[in-house]
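We have chain A; now place chains B, C and D onto it with these hints.
Number of protein chains: 4
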Amino acid sequence: MKIKKILIDKKENKYYWKEGDFHSSLGKIGEKDIISGNIKSHLGKEFICFNASFADNVLNMGKGPAIMLPKDIGFIISYSGINEKSRIVEAGAGSGVLTAFLSNISHDVYSYEKNESNYNLARKNLDELGIKTNLKNKDITEGIDEKDIDLIMLDLPNPWEVLKHAEKSLKSGGFLISYLPAITQVQKLVDSKGDNFFFDKAIELIEREWYVEGQKVRPKSRMIGHTGFLVIFRKI
Amino acid sequence: MKIKKILIDKKENKYYWKEGDFHSSLGKIGEKDIISGNIKSHLGKEFICFNASFADNVLNMGKGPAIMLPKDIGFIISYSGINEKSRIVEAGAGSGVLTAFLSNISHDVYSYEKNESNYNLARKNLDELGIKTNLKNKDITEGIDEKDIDLIMLDLPNPWEVLKHAEKSLKSGGFLISYLPAITQVQKLVDSKGDNFFFDKAIELIEREWYVEGQKVRPKSRMIGHTGFLVIFRKI
Amino acid sequence: MKIKKILIDKKENKYYWKEGDFHSSLGKIGEKDIISGNIKSHLGKEFICFNASFADNVLNMGKGPAIMLPKDIGFIISYSGINEKSRIVEAGAGSGVLTAFLSNISHDVYSYEKNESNYNLARKNLDELGIKTNLKNKDITEGIDEKDIDLIMLDLPNPWEVLKHAEKSLKSGGFLISYLPAITQVQKLVDSKGDNFFFDKAIELIEREWYVEGQKVRPKSRMIGHTGFLVIFRKI
Amino acid sequence: MKIKKILIDKKENKYYWKEGDFHSSLGKIGEKDIISGNIKSHLGKEFICFNASFADNVLNMGKGPAIMLPKDIGFIISYSGINEKSRIVEAGAGSGVLTAFLSNISHDVYSYEKNESNYNLARKNLDELGIKTNLKNKDITEGIDEKDIDLIMLDLPNPWEVLKHAEKSLKSGGFLISYLPAITQVQKLVDSKGDNFFFDKAIELIEREWYVEGQKVRPKSRMIGHTGFLVIFRKI
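Protein chains in written order, with the numbering used here: chain A, 23 to 258; chain B, 23 to 258; chain C, 23 to 258; chain D, 23 to 258.
Pulled out of the complex, with its shape left as it was, chain A reads as follows (with noise of 0.2 Å):
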């Protein structure tokens, strides 16, 4: 089931409503006064409430293996200039996250999960939020079924393992993207590059944020330090 609406009580904490009437600490709100705009609890407390994204939905999608955050997934989208008509590869699905902001902007993903607890985690959150997708329960190290892709993106830690099969999938100019936790996976990828693939680049992308009210605006003062390194190949 989707989270329908987001409430946000005065000290700035966030609730996802799904349906039913909603319960909190600050009282009690029935499913028909759940509306966006200004609302208030049966004690008078206030929210304001407004209509949940996409993005609200697949963040909040039950917990599981450690999941790519939107400044990561976006880059790999926009970089890779992925449309609708894209025929994109994705391994591994984990709890199908960035399955789930693929299959958002194209109708042609194929994503492999050879874990089968993942597998069954990712297909439970996709098919919650009536995501459509071609999801296997297949290594893809033993191979890539499809052809003609124009991205393949690899969430795994051993992507040296798929060089093999990527170039046979990919397009001329098609982009193979890793996200990789450590450095040391970097350097041994693009040592393991060979001469179908030319690296573009490695990079990682750190997100602050700013506190801003009144006079006070400044960096926020803990912040997420690391995500993964992003490494690109280009198919020659």
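Worth flagging that the hints you see were computed from the coordinates, not collected in a lab. Certain hints may be false.
Short derived list, chain B residues pointing at chain A, Cβ under 10 Å [said to hold, decoys possible]:
{"no.": "1", "residue": "I30"}
{"no.": "2", "residue": "S63"}
{"no.": "3", "residue": "F76"}
{"no.": "4", "residue": "N82"}
{"no.": "5", "residue": "G84"}
{"no.": "6", "residue": "G96"}
{"no.": "7", "residue": "I98"}
{"no.": "8", "residue": "S100"}
{"no.": "9", "residue": "I104"}
{"no.": "10", "residue": "Q209"}
{"no.": "11", "residue": "Y233"}
{"no.": "12", "residue": "V234"}
Simulated coverage check for chain D against chain B, where a stretch passes if three residues somewhere in it have a Cβ under 8 Å from a Cβ of chain B [stated by the list, open to error]:
{"no.": "13", "segment": "191–205"}
{"no.": "14", "segment": "229–238"}
{"no.": "15", "segment": "242–248"}
Note that beta-carbon positions come from the ideal geometry of N, C-alpha and C, so glycine has one too.
Using the frame of chain A, we list chains B, C and D on its own:
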């Protein structure tokens, strides 16, 4: 005309090829020999060659106003969760780079540009790439024609003048995202928020490129220190 | 009393030992057995043990106002080039951390703190470490007693109120450095500069820690996003 | 000879003056007119003028190997807590920049440089600034002559070859700090640590400069992306 192929010489210099014979200081290559793979000039100099992508084309459109980079564009796309059915308003179009990326995702993009020479430049750039969009030579601070919008994306110096129009055009939960070079603009925009928007967050994205060659693995010595801040409002 | 030894258990927890027997949930170690090297508790748990440094002591002084970190303190020391002969004025002393570091380099430090409880805290902290300094319970915005100063270091919310005094106290080329949490304060200070100072630069220092263990080499997941900006003026 | 004064023109260009008349494309200023304050050339062009600092001199010494920056040097000084009584060993001296900063704090610095031309350059640079230090044309990987050392600071490509000497020379709790451009070197050093050192931490410091003028307040567009990693060991 589109860039069709990218050629890269042994020193990693990039050449963008559109049509006809290829001429460079490293020699000539006849049009019919410009194919994906390893190719040679008449001087025997080697190049690798592959198909140009959508992003290769957009990011190398004719010079004009400063352009947004994939890191910032990508964040907007993923964070707002837009897809082919999303209704998007954008201003100002500038040279059309962001317009192109948004139009690549959705068929329903309305782009405002008040400056006539920028408007003509964007028009020309988008036509050359075959990108269809609703580009208007209009000042968005005077009004927004469209309703039921999912995302309003503002790349202009005075986004606070758009708020009163944006609140009538956005759906509940819809995104208003502003790209702003100066932190003083961020402060002014957040101060101007009013009661119809929720201030979600203000961030900056820092892209750090790594040099990776054998044992030489380190961040590159020079980097882009700043592009712009992204301020995200949600319509209540 | 000073921290004399640091003990570190197998899980890399740190313990600061001053005197007497050492007691922890991992067992007891008698005072005479607390020597540098590998030592064991009566439960057979292993610790490594080494002498505490000056910085270990200063950074673990009694709790009080937020303290400056080595990255920022170090920049001030190296950029201003102070040494044992430098004449330094500092305000506000807070809990005395920066005072301790500056007094460790120079014998001629004059430290202002208008708040009496902070003054007493700094006094107590510095005495415990045996650090001699000229600590005054005075408001620096009302005047600076010293002349021929090499460095004035301000860690207070209103440094612009000190400028008219600072310009009389600093040598030509002397440094006025302000540590400011908010960018709005940076802006106000630079706007208030006047004709007797050269605005050298405004920076922030971001410290990124890496996790390094075998093949797991990556930036740590969480980091401090912000401490303060450093604004550097030179007296003309 | 030392830089005595810094002159800055209206476009914020800096000039370092040592002695004699000052000549520039903006006109001449006679030696006796070069005094701190606002001064004019014979063409009526205005300059501000103030005394050069220690750091102004050190950071502008004759060109040679890449130099360490104040952000990294400062961290080493503050984190290790050195003062005038500290016993410090450093290698390799390079052009003498770090040697100068360390010798400015302590009278007891021993600096190793195996390369003869670097040794001569450092010798000449330090003599010109009147900095006394124990500079040796020796390879530190062959041994360290000094005992009871508080800080060993290594700016060389193979610090792991120094560990067996360093463990005999450092006091308990003493610091071994290595400055390394590549993360692969960091990994190798940490892997080579042995039982006599505690791996305290590995960091990088990112300095971000801000443009601050009226309402134009933003990070500068270009920045230094990387200098080196700092790896900190403590002697057990």
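Right, here's what the structure says about each hint:
no.	hint	result
1	I30	holds, 6 Å
2	S63	violated, 17 Å
3	F76	holds, 3 Å
4	N82	violated, 12 Å
5	G84	violated, 18 Å
6	G96	holds, 3 Å
7	I98	holds, 7 Å
8	S100	holds, 4 Å
9	I104	holds, 8 Å
10	Q209	holds, 5 Å
11	Y233	holds, 8 Å
12	V234	holds, 5 Å
13	191–205	holds (count 3)
14	229–238	holds (count 4)
15	242–248	holds (count 7)
In the structure shown, a violation is registered for the earlier hints numbered 2, 4, 5, in ascending order.
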